[in-house]
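**Student:** The primary structure of each chain is shown beneath.
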Amino acid sequence: QKLLTDSSKAVSIKYGDKGFEFNTADGKFQLQIQGRLQFRFATPEDQDPVTFDDFSGEKKPSFKINRARLKVGGHAFKPWIKYYWEYELSQSNLLNFTIAIEKWEWLRFQIGQFKVEYSRERRISSGEQQMVDRSVINRAFTLDRQQGAEFYGHLKGKGLADFNYWAGVFTGTGRGNTANDDSHLMYFGRLQWNFMGRYLDFEGSDLEIHEKPAGVLAINGVTNQSPYTRFSQAGGGSLEGYENGQPGQYRVNQANIETAFMYKGFSWQNEIHWKQIIDKFNNDYTDNLRGYYVQAGYFFHEVFDWWPKPLEMAFRNAGYFPNSEQDQTKKRENSLAFNWFFNGHKNKLTAETSYFNYDKTGNIPADEWRFRLQWDISF
Amino acid sequence: QKLLTDSSKAVSIKYGDKGFEFNTADGKFQLQIQGRLQFRFATPEDQDPVTFDDFSGEKKPSFKINRARLKVGGHAFKPWIKYYWEYELSQSNLLNFTIAIEKWEWLRFQIGQFKVEYSRERRISSGEQQMVDRSVINRAFTLDRQQGAEFYGHLKGKGLADFNYWAGVFTGTGRGNTANDDSHLMYFGRLQWNFMGRYLDFEGSDLEIHEKPAGVLAINGVTNQSPYTRFSQAGGGSLEGYENGQPGQYRVNQANIETAFMYKGFSWQNEIHWKQIIDKFNNDYTDNLRGYYVQAGYFFHEVFDWWPKPLEMAFRNAGYFPNSEQDQTKKRENSLAFNWFFNGHKNKLTAETSYFNYDKTGNIPADEWRFRLQWDISF
Amino acid sequence: QKLLTDSSKAVSIKYGDKGFEFNTADGKFQLQIQGRLQFRFATPEDQDPVTFDDFSGEKKPSFKINRARLKVGGHAFKPWIKYYWEYELSQSNLLNFTIAIEKWEWLRFQIGQFKVEYSRERRISSGEQQMVDRSVINRAFTLDRQQGAEFYGHLKGKGLADFNYWAGVFTGTGRGNTANDDSHLMYFGRLQWNFMGRYLDFEGSDLEIHEKPAGVLAINGVTNQSPYTRFSQAGGGSLEGYENGQPGQYRVNQANIETAFMYKGFSWQNEIHWKQIIDKFNNDYTDNLRGYYVQAGYFFHEVFDWWPKPLEMAFRNAGYFPNSEQDQTKKRENSLAFNWFFNGHKNKLTAETSYFNYDKTGNIPADEWRFRLQWDISF
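Chains as they are written, first to last, in our numbering: chain A, 16 to 394; chain B, 16 to 394; chain C, 16 to 394.
These are calculated hints, taken from the structure and not from any lab test.
Computed from a predicted model, the values in this text were never measured in an experiment.
Be aware that a few hints might be false.
No distinction is drawn between identical chains; accordingly, a pair holds when it is met within one copy or between any pair of copies.
Subject to a maximum C-alpha distance of 25 Å in a straight line, what follows is the list of computed DSS-like cross-link-like pairs (lysine-lysine) [unchecked claim]: (1) K279 - K227; (2) K75 - K295; (3) K29 - K43; (4) K75 - K130; (5) K93 - K29; (6) K43 - K93; (7) K130 - K118; (8) K97 - K171; (9) K43 - K97; (10) K324 - K118.
Okay, chain A solo, but in the shape it has when bound:
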């Protein structure tokens, strides 16, 4: 077997932000390998309560491996042909696979399966979150991972004229589906104004202690037709009050406004969501769902010397307001978390307590306290 190309190239190795990293001397090939384990203890149970029954079920304190990830990325043939795949070892699921062409900053392209940048909360890696996990509204509004193609880029003008954009087309059937359900696709767009003239990454907590403020104002929109009314890591699924749909049954239109801001150890993020579900098989019967969250954190060491440097306190308030005949339960979450960053997001301990308060119209309220402790470590 002859080799078609020069097959022998010296390689150097280092340990970097994405694990062990191998680079060829000519800069054409790169391989990064990183693992991540996330252990979680939760009581009385881990999941956010979804229906009223969840408040009365038997409580089972859980200790578990919540995430066990193998992440492999790098570039091949050119520094700007980038690849990435991520595998969930504990579930044996291929989560991400992408090839990206990133030759120009203002016009990039990627193909594969990845988290749509529709929602800041979901887009932030589970290893770089500020709280133990995402808010109570994530379940209803996230697009999670989708398969398709996307253009995106950074448009940098003078001063505050600093924008990012994303425009994608997806099959709209969620993670793991290999074919579309019908001929309708998912169309997605995001426009982001970096209103302080500086890009702010998808990452929780102001670990960098920004000396200059960085902020984001983004609007997102998406439309899709599929059997599904919600998405998760497991793929497409159904919200409460919806049956598993037929191919092309639900037209779903969604939009949100997102803000984020970081400065001197303080971080803020907020999303306001709207979602419309149209049942094409039942006279275009239409529901409207709304939700929001606000979240803020601070390294109090910035103002109090006695406060430990690696310790951050964070708070979140979230509300979910469905409006369907089947489910009109308003849900509210208030959470308080403390992060101890041994080594940034790569090795951190999070303690979090949440209070859930559900209010069914014309019915008695239900509430629950939950405590969770989590250790997240990358290597």
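Given chain A, put chains B and C in place with the hints provided.
**Tutor:** Here is chains B and C on its own, set in the frame of chain A:
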């Protein structure tokens, strides 16, 4: 814990034809790691039509990750004790695992699960094919991957006396089965005459632009008794017109003649298949299936200067002729493909159009055009 | 994206006892990668007979990949923060995932999913066993892998005052379960006296040819309440005569005494087990199960020059005595094995023959001979 052997050995790294490669200084241990992603768009649908109904079903254009492979190989303890495993990340399937003893060229041995060398088309890696995928006859005739043991070797005499042989015994129950269904095994043999006195690898397209012609004439035979009438990556299955069998229900005898040839950018391959299925549980009721394909490609840059150097054009004609009471549909495929080799088979784009034409005895014909676009990249 | 830590560190590589190994120059990060394949041929079948029916069923000689493992370990941030995960590629199961804090020898801590050190036989890696596989009593008494947290350490005094201890709390629901079934946990303790003043690792065969004798006397105890009456790699399950339980149905108390000894090529190990199953849902109906094995091996090269150096002979006798209304079958196993160690446990061939003899009270006995051949290779 003490070490039984000298446990500390310096290692050098390079990037080669099989990805990043690690070698100990003493030459005893080697590790190669390579990933591969294959993205495919297909319309009106990806699969070859199997039955008549496939022509009238709803058409769903598909975009998907078709293959996501992790390939790990090398040698251990001795340069001639070779290991290899390949995992399909998107399906969480272990495809290959082999240990090979390759001390002598004329007598080699391997054990494990691997693609039986019964059919050139199937044996060529999906990453080194000339068309987007295998022909319409692959479904009916391939043995795919089997578990067992095999002897093989290269017998090199003077001039044109240049032969390769393979002889294997397998459980005959396909990929992923951990036990045989009964006490009957699969026996396989292949004899290959390299009639130009040069070995030609299992690989599509004459990317090397052979200066001297290389050719293969091979005959293959196999016999097996199992519940299955066909095999695929998913393991054992059933052809149309056959039920899922009982252990030991079907005795299947198969043979084919294969030719292949490459010279100055031109490549040719061809197989003629025969398959006999004997239902041992129904009075040895017997069917005979026949099929063939011819396939050729050319880098026209060899004759026209204006033709781009990385561009190959290829054509395939295939026919499938079952002869069972249940299914006498003659199937024909004609496909035209264009390959753009950015970096050989490691990074290539293929556009292909196919025309399927089914002819049912005493019935109206059915036909379909299909278009597929595929990007295959290894890193 | 800024880096929070010094992200660039030189890395050196070597090949060691745990495969290819990468170390940063500052000693903070380490990565080890190793694969392992185990091929097995068995006739008339691979599994130990479990019930009487197993003696009369159709015999299917099996050849299979019995284990295909990917093992990744090392340390991160500190030399004493150790991680390890092990994935079974042929079943797509995450077997082990642990983070261990091993700063002090006398007080260590680990969290995750791992083999509980309850039984020497089970704790020894399948790649470092003396026979082809574990004895007939393993099925009934092993705790296999559990999820939880454990303290352990080595207490070394003068002379023979040399102890190891383990104390763990687990969910008690076996591999792969992400939540406990109820609020009852599994509590485990092990006290080990290294009565010759030397630690003896969990490993079969005296490959090191100990010049000074090393021995272990250990007592183990565990209590658990769960739906399960046995555990295996597949997770929780049921012993013969027990239905799949409800959450919290079975209180199981277990204890064993274990000895092990190695000296000049001779190795000995032995366990005596007791297990009590209390059905909390049926008036605390109680069963008592007993079992034992003794196992010994010797490199006869130590006394006979003509005996090949890499060849070990080993023998095992095991007995299982359940005492429930549903199952009072006494089971006996006698096995004889020959190991040829090409490269220690990393590359070895084992031939084993076993004789099973079942004695049902007031019933005719059943017996079976079995032969197995196994090749285990790590790389």
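**Student:** Tell me, please, which holds for K29 and K43 at an alpha-carbon limit of 25 Å: within, between, both or neither?
**Tutor:** both (16 Å within a copy, 12 Å between copies)
**Student:** Using 25 Å as the alpha-carbon threshold, which applies to K97 and K171: within, between, both, or neither?
**Tutor:** within (22 Å within a copy, 44 Å between copies)
**Student:** Under a CA distance limit of 25 Å, which applies to K279 and K227: within one copy, between copies, both, or neither?
**Tutor:** within (8 Å within a copy, 62 Å between copies)
**Student:** Can you give me the call for K43 and K93, within, between, both or neither, at a CA distance of at most 25 Å?
**Tutor:** Within one copy only: 5 Å inside a chain, 31 Å across chains, cut-off 25 Å.
**Student:** First find the shortest C-alpha distance between K324 and K118 inside one copy, then the shortest across copies, and answer within, between, both or neither for a cut-off of 25 Å.
**Tutor:** So K324 and K118 pass the 25 Å test across copies only (23 Å; inside, 39 Å).
**Student:** At most 25 Å between CA atoms: does that hold for K93 and K29 within a copy, between copies, both, or neither?
**Tutor:** both (20 Å within a copy, 17 Å between copies)
**Student:** As a check of your reading, is K43 near K97 (CA-CA no more than 25 Å) within one copy, between copies, both or neither?
**Tutor:** within (10 Å within a copy, 28 Å between copies)
**Student:** With identical chains treated as interchangeable, where does the CA-CA distance between K130 and K118 reach 25 Å or less: within a copy, between copies, both, or neither?
**Tutor:** Cα proximity of K130 and K118: one copy only (21 Å, versus 39 Å across).
**Student:** Regarding K75 and K130, is the shortest C-alpha distance of 25 Å or less found within a copy, between copies, in both, or in neither?
**Tutor:** between (31 Å within a copy, 23 Å between copies)
**Student:** Are the CA atoms of K75 and K295 at most 25 Å apart within a copy, between copies, both, or neither?
**Tutor:** Between copies only: 18 Å across, 40 Å inside.
Checked against the numbered hints above, the structure violates none of them.
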